[in-house]
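A.B. asks: What follows is the residue order along each chain.
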Amino acid sequence: MEIAGNEYRVHRARDSAKVIFEGTLRLSGTKAYKPIAQLLQTVGEDGTDIVTLDMRKLQFLNSAGINMLYKFALNLSRKGGTKLVVYGSESFPWQKKVLGNLNHFVKDLEIDFS
Amino acid sequence: MSEHRIRVSHQMTTESGESLAEQSSMMVTFHPDSYPLHWESCGQLAEFISHYTGLFFDGQTRPANEAETLHRSEVEDAINYILLELMQNALKFNTAGDIEAKIEIHEGELRFHVGNQIRPEDVPDVEAVFQELLTEDPGELLIRRIEENAADPDSYRSGLGFLTIMNDYGASLAWSFDEDAHPDHVRLTIITCFPVLRSGT
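From first to last, the protein sequence lines are chains A and B.
Sequential numbering from 1 applies to the first sequence in our numbering.
Sequential numbering from 1001 applies to the second sequence in our numbering.
I should point out that these hints are in silico values taken from the structure, not numbers from a laboratory.
Don't take each hint at face value.
[Claimed, not checked] With a Cα cut of at most 35 angstroms, we get these calculated DSBU-like pairs of lysine-lysine: (1) A/K34 - A/K57; (2) A/K18 - B/K1102; (3) B/K1102 - A/K97; (4) A/K18 - B/K1092; (5) A/K57 - B/K1092; (6) A/K31 - A/K57; (7) A/K107 - A/K31; (8) B/K1092 - A/K34; (9) A/K57 - A/K97; (10) B/K1092 - A/K31; (11) A/K97 - A/K107.
[As the list claims (entries may be wrong)] Covered stretches of chain B, as calculated for chain A (at least 3 residues, CB under 8 angstroms): (12) 1077-1085; (13) 1144-1156; (14) 1164-1175.
[Claimed, not checked] Here are the simulated distance ranges between beta carbons: (15) A/D112 - B/F1177: 39 to 47 angstroms; (16) A/G5 - B/E1132: 29 to 37 angstroms; (17) B/D1122 - A/I50: 43 to 51 angstroms.
Even glycine gets a Cβ: it sits at the ideal position worked out from N, Cα and C.
With the hints as extra help, turn the sequences into a complete structure.
C.D. replies: This is the structure we're talking about:
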């Protein structure tokens, strides 16, 4: 499953609960992020032990995209039983801030910047 | 005939040799009534200004005897995010007339001024939003807003733009209303100050 635009590509790795984000995401608002939110929700509802978000190639995310990410992460954490693993890159300074905030409200979380 | 304007000015302090980037600014004015401003253009503008301004933070223009400034990549990252959020906000809520964006380099901080016009009856709501941002801790407010948004599957307003600017980038926020604007409209200018000196130095 893949959602793509001129500047971005978000897709689910084959046979895996891993979602890969690439490019620049600065869509116009919560509504515009709905297809990606639904992709995340589908992966989250699969009942796997671990959901992985690979953001190492995501250069930019605006606040509406951050809202989508946080909303998904918080609801997954509240549901319980699934660990959230997030891969980030130090090449993009915003990722330390945005992904770091997940520590404040996601219980079972691993953030990997290696 | 209306046209988009871009104005760049530099007043580099060279006398002492210590404050090369003390006062530079760039201003861009859009006239959506004549030429539509597209959503994508906000991102392109933010990217351009971030790269342009980043050149002042390449290590060579840093005052040798003063506090360390942020690295160029951190400054570009911050400008790209803050300016995009301010521009997207201005475009989303502009009711008539021009949209202006200005960035100034001051010693120790970058100041963003982004202005658009709103209806007079919306002023109290806008003021309430800003008052909440100024009176509460941005970190606590951010978590509360995330929880509220997560609890409402139909919410279409994230309300995270200003909060992330303040919480994640340590920027301060101010605003002004100018009634000498387009007839029956009020000009709202949002001013954001982003510190470029590394904290603790």
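A.B. asks: Each hint needs a verdict: does it hold in this structure or not?
C.D. replies: Verification of the hints:
Restraint check for A/K34 and A/K57: satisfied, since their Cα atoms lie roughly 21 angstroms apart, inside the 35 angstroms limit. Annotation: proposed proximity of A/K18 to B/K1102 is violated, straight-line Cα distance about 41 angstroms (limit 35 angstroms). The straight-line distance between the Cα atoms of B/K1102 and A/K97 is roughly 25 angstroms, inside the 35 angstroms bound, and the hint therefore holds. The suggested pairing of A/K18 with B/K1092 holds, with an alpha-carbon distance near 33 angstroms, which does not exceed 35 angstroms.
Using a Cα cut-off of 35 angstroms, the hinted pair A/K57 and B/K1092 holds, with the two alpha carbons roughly 28 angstroms apart. Restraint check for A/K31 and A/K57: the C-alpha separation of about 23 angstroms stays at or below 35 angstroms, so the hint holds. Taking the CA atoms of A/K107 and A/K31, the gap is near 27 angstroms; set against the 35 angstroms cutoff, the hint holds. This hinted pair checks out: B/K1092 and A/K34 have alpha carbons roughly 18 angstroms apart, not beyond 35 angstroms.
At roughly 16 angstroms between alpha-carbon atoms, A/K57 and A/K97 fall within 35 angstroms of each other, so this suggested pair holds. Between the alpha carbons of B/K1092 and A/K31 the distance comes to roughly 14 angstroms, so the proposed pair stays at or under 35 angstroms and holds. With a C-alpha separation of about 18 angstroms, the suggested pair A/K97 and A/K107 falls inside the 35 angstroms cut-off, and the hint holds. Under a criterion of three residues with beta carbons nearer than 8 angstroms to beta carbons of chain A, the stated coverage of the stretch 1077-1085 of chain B is upheld, 6 such residues being counted.
Counting residues of the stretch 1144-1156 of chain B whose beta-carbon sits less than 8 angstroms from any beta-carbon of chain A gives 6, enough to reach three: the coverage restraint holds. Given as covered by chain A, the stretch 1164-1175 of chain B passes the check, having 4 residues with a CB less than 8 angstroms from a CB of that chain where 3 are the minimum. A hinted range of 39 to 47 angstroms for the beta carbons of A/D112 and B/F1177 is consistent with their spacing of about 46 angstroms. Taking 29 to 37 angstroms as the suggested C-beta distance range, the pair A/G5 and B/E1132 conforms, at roughly 33 angstroms.
Checked against the hint of 43 to 51 angstroms, the pair B/D1122 and A/I50 passes, with Cβ atoms roughly 46 angstroms apart.
In summary, the structure is inconsistent with hint 2 from the numbered list given earlier, while agreeing with all the others.
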